[in-house]
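Peer 1: Spelled out, the chains give:
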Amino acid sequence: MEPGFPTKQARAAAQLRKGVLEYCVLALMRDRPRYGVELLQALEDSGALATSQGTVYPLLSRLRRDDLVTTTWQESVSGPPRRYYALTDSGRAALDEFSRVWPGFRDAVDAFLTASRPSTGDLT
Amino acid sequence: MKNLADPVRSYLSTVEREASALSADRRQELLADLAEHIEVTRAERPDATIGEVLAELGDPRTIAATALDEAGNGAAGASARGRADAPVRRGKVHPLVPLLMLTLSMPFMMVFTAAPGQLVGVLFRVTGAVLLCTSVHWTTARKTTGVLLAAVLPSVVIGTWNLSTGGPEAGAPALLANLAVLALLTGTAAWLWRVRRA
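Read top to bottom, the protein sequences are chains A and B.
Heads up, the first sequence is in full-length UniProt numbering, so the first residue is 1 and it goes up one at a time.
Heads up, the second sequence is in full-length UniProt numbering, so the first residue is 1 and it goes up one at a time.
Quick caveat, the hints were computed from the structure, so don't treat them as lab data.
Check each hint, because a few of them may be wrong.
[To be verified] Computed footprint of chain A on chain B; a stretch qualifies when at least three of its residues, placed anywhere within it, have a C-beta under 8 Å from a C-beta of chain A: (1) 27-40; (2) 66-72; (3) 182-193.
For each residue, glycine too, the CB sits at the ideal point set by N, CA and C.
Produce the entire structure from the sequences given, and follow the hints as far as they go.
Peer 2: What follows is the structure, given as structure tokens:
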């Protein structure tokens, strides 16, 4: 969270992030399995989706419980073994579904934001 | 690495404490994930201080709150894991209550040897065992051990003794046996108290 950012806007950003984060995490696994630190690094590098890293693990745990991802342990040349996360078929289906819905959603929001300019930027 | 273990341990135990409303397996999983993250990050970025690694992981309270949130979201979809929504139904009784009920049932039965006293003592023990089983403060394995040692075993021993001697009051050997059972109860309660979750 950016220091000095108004709380209400920070909350709006957090709400948005919460909605899309799991699909971004699933998307990161689209091409190959990834381990936790790797996933977090990619989110961190994205800027807008950067979040308190530890909060991604409960999300990963739920994705695993909901059978959207599976995990396997793999040895590493350096350091401890890593737990790799990979998409299951239903994970891939959920990701495809979101990919299908997202452009329409994004365009609709963009359309609202550019058509009318409300006097306050309050998204809640 | 040894000198670095303590901030990590204290960080993880803060998460554990903050996530006490989470079911036991869910909480252990979260702690294992975080511990693994710390280890992997330290292996990949040897220059980062442990303080930096923990700061990036974030506030234990936020992590615990997210985990509770996710557990709530997942409960509906994850019916296969029946224990997922258990913490909602479980009582929030102070951990001392079942322990005291289990332990005190014994001296109570030793003092009030007449029938109503025995009955009240047994009720205490049963209630204590039920409260122990429904508490959020122990893992299933510890609850089982606790109930076996502090309720089932004493009841079997006392029941067998009473059947073979014809009554609860039978002089010095009975007193010794009672004290031995009391010591077992106190020991079990002390162990449970020590291994409880906040």
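Peer 1: Hint by hint, note whether the structure agrees.
Peer 2: Quick rundown of the hints versus the structure:
no.: 1; hint: 27-40; verdict: holds (count 8)
no.: 2; hint: 66-72; verdict: holds (count 5)
no.: 3; hint: 182-193; verdict: violated (count 0)
In the structure shown, a violation is registered for the earlier hint numbered 3 alone.
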